[in-house]
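2 protein chains.
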Amino acid sequence: MQTVKYPQKGQEYIEITKRATSNTSEITERVKTILQDVQQNGDAALKSFSEKFDKVQLETFQVSNNEIKEAIALVPEELKKAIQTAYQNIEKFHQQQVPTINVIETTIGVKCWRQNSAISNVGIYIPGGTAPLFSTVLMLAIPAKIAGCQNIVLCSPPNLEGKIHEAILYTANLCGVTQIYKVGGAQAVASLAYGTESIPKVDKIFGPGNQYVTIAKQLVNVAGTAIDMPAGPSEVLVIGDKNANADFIAADLLAQSEHGTDSQSIFVTDSEDKLKEVEIAILQQLELLPRKEITKKALENARLVLLNNLDECMDFSNFYAPEHLIIQTDNADELAQKVINAGSVFIGAYSPESAGDYASGTNHTLPTHGFATAYSGVSLDSFVKKITFQKLSKEGLKNIGETVEIMASYEALDAHKNSVTIRLNAKTNQD
Amino acid sequence: MQTVKYPQKGQEYIEITKRATSNTSEITERVKTILQDVQQNGDAALKSFSEKFDKVQLETFQVSNNEIKEAIALVPEELKKAIQTAYQNIEKFHQQQVPTINVIETTIGVKCWRQNSAISNVGIYIPGGTAPLFSTVLMLAIPAKIAGCQNIVLCSPPNLEGKIHEAILYTANLCGVTQIYKVGGAQAVASLAYGTESIPKVDKIFGPGNQYVTIAKQLVNVAGTAIDMPAGPSEVLVIGDKNANADFIAADLLAQSEHGTDSQSIFVTDSEDKLKEVEIAILQQLELLPRKEITKKALENARLVLLNNLDECMDFSNFYAPEHLIIQTDNADELAQKVINAGSVFIGAYSPESAGDYASGTNHTLPTHGFATAYSGVSLDSFVKKITFQKLSKEGLKNIGETVEIMASYEALDAHKNSVTIRLNAKTNQD
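These protein sequences, in sequence, are chains A and B. Quick note: the first sequence uses my numbering, first residue 1, plus one each step. Quick note: the second sequence uses my numbering, first residue 1, plus one each step.
Please note that the accuracy of each hint is not assured.
What the hints assert, rightly or not - With the Cβ distance kept under 10 Å, some of the chain A side facing chain B (calculated, not the full set):
#, residue
1, 5
2, 7
3, 8
4, 52
5, 111
6, 122
7, 135
8, 200
9, 204
10, 208
11, 347
12, 348
13, 370
14, 388
Said to hold, decoys possible - Which residues of chain A face chain B? A partial, calculated answer using Cβ under 8 Å:
#, residue
15, 33
16, 36
17, 127
18, 131
19, 247
Stated by the list, open to error - Below, a list of computed lysine-lysine pairs in the DSS-like style, where the Cα atoms sit at most 25 Å apart:
#, chain 1, residue 1, chain 2, residue 2
20, A, 276, A, 18
21, A, 386, B, 92
22, B, 276, B, 242
23, B, 276, A, 111
I should point out that these hints are in silico values taken from the structure, not numbers from a laboratory. Every residue, glycine too, gets a C-beta built ideally from N, C-alpha and C.
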């Protein structure tokens, strides 16, 4: 943890808010080789990668209905119930994002509107590892289902027994995922981007992952497959005032830090006492955590920042553009109105980030690494195209025809002009 | 023009719908050098690029208020009036995209909502060349202004006299562009991405351009600056039935083809007679066009496709995913309901693409090259982040607390669990 008192805007802010970066050029070369291999050799490449990376021999990649049935039986009831409760809230929040069609008559006879059209084929990547990230399945598959995506394809690496964790399979089945494949890493991204004999090519790829997955997504994106957003380590910024509960704040900072050693937690306050209290509370709570080592290492990236007042705290936050912003101040509602850059905002003492990570209803796939300056988190919008439609009557075209003709003419696009003129001059009975 | 009768789905569709691609590796290397030079040497690099590429020596890059005043005086009244009419329609359509805030109580005491926050700094690139693309200024600056972007920075290359065309300056001023710079090409993209002594760094870059600009946008995107969308040559697909007006269709196909030699126009019909009529009409109208040479060359990419029925025509269109789709059939409204992949759709005989290119109100910055399968055109959404907010009361946290605790526990994230537990157990008077 680094404590910084009254830093100056400019260079000092830049120094404090630096994110962890890593040299990726070596990994990039390795990922390129993997992508190429999958593109050229399809399933055969996947089989050899599975042996190499997952240490397991697979005959087929698709999870069978029987495997799903087995998984459903294995998930404890308390977890099923929790997942279902989260499902309902996430569905409720994302369902509200379905727009009503609003036809605008911009000029008499000129009707324009937008309509959502689902992205037909979407891919969801769920990392493997010790803990099953079934919450991310909820966050990606629920909006995909609401959008009406035809194929919702999930890839996740198999364990040493050639299986995907039962909680992931249970959740994927609950959410209407249409196909599930036991493929992980950059080779999963390659499969989704190019398609193989057994895995269908998709139009857009979603989901978190390690550096291999992240770089693979970036590379296939440049080559033409859409992705959810650029990714970086997870992060939180908490603003607290003198009346904030230091234990709550410490718990939130530690929750962020347990994600990985490159996670970043920042506490910003206008109260020097609170700065000290939070520091002490962090050290106390840390001792009780199972993931103490990861968390301790991540705390090296943590910052406790003292500023002159709460508006300055919010300016600092907007400069940092945090993935998660928690506001624990007496004037939290008012401060929340001043948020310019953030992924998701948690207002008040009883809104911990973990509520939004799992079950409040908002999406937890959010822009990191300062991308909150320009990117939104995942929402229903991420799974649709908003297509514009327009219908002009003959009268409508008459009303804007001259405008189009003049503008086209000054842009030296005479065929554009002519496509209006020919209609206005036509002696037809069409309308 | 290539005529194809009754092609089969699968390989034949793939062949017919192939877009023009070009080998870009050589250009990519040149663009990388330009980006690096601007990043390292700022304005000095821009000055030397201006001498080299624009053949003009510039002392300063920013367009002065006096230059804007002069430009306003130079624009003919008829063009001003046309631009203003288009402005009103575009503003009306995009203004309607401002959402109302909708607070969802997903569970009692758990309130969640989304709120638009403008991207603070946006850059708009407008290409130079013989014709001034003031219409693109309208399409990008109007939604930026409605969104509330603080800095709307426009770059466009200077002509041999060191000026930007008066119609571009007039339109930029009308739309509330905050700064205008005489910089073009990849070096303009670099300036917007990294900032120089005189040009501010932006968060997102919009606008069309040649291959250098397109590749520069792609490269700065991978490095962290958001961009509007990947770009490719412009294209139209027209569906017409036996009652469609062949002259109108020919005019629309030619309008697309005059954009550039790599533009693509496709006509799909269920009527063999109409196929022939349209072909004849194209050849007749072509003779009268000033940009005949470009258009003729682009027509080499054109396809006239005969299919069995109109539903098959729509399937073909969805497979192609055209930037622009024009439906000139008796059942146009019905067919429009079946659009899955397209940028913008023009319904009926009196809705030429050029209406939407200029003045109907819809945006003309649209996904090309098949990206309409996963990307939307530019809209107000492109200039904002949709930030999620949540506020839980103590009761709200109690209602979903156990759900969060159980899920966090199964994901092995105990500090996440603890951030809820510590609040539920706290004996405070906060609520």
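Verification of the supplied hints:
no., hint, in the structure
1, 5, "violated, 26 Å"
2, 7, "violated, 21 Å"
3, 8, "violated, 20 Å"
4, 52, "violated, 26 Å"
5, 111, "holds, 9 Å"
6, 122, "holds, 9 Å"
7, 135, "holds, 6 Å"
8, 200, "violated, 13 Å"
9, 204, "holds, 5 Å"
10, 208, "violated, 13 Å"
11, 347, "holds, 4 Å"
12, 348, "holds, 6 Å"
13, 370, "holds, 8 Å"
14, 388, "holds, 4 Å"
15, 33, "violated, 18 Å"
16, 36, "violated, 15 Å"
17, 127, "violated, 11 Å"
18, 131, "holds, 4 Å"
19, 247, "holds, 6 Å"
20, A:276 <-> A:18, "holds, 23 Å"
21, A:386 <-> B:92, "holds, 17 Å"
22, B:276 <-> B:242, "holds, 11 Å"
23, B:276 <-> A:111, "violated, 32 Å"
Comparing the model with each numbered hint stated earlier shows that hints 1, 2, 3, 4, 8, 10, 15, 16, 17, 23 do not hold.
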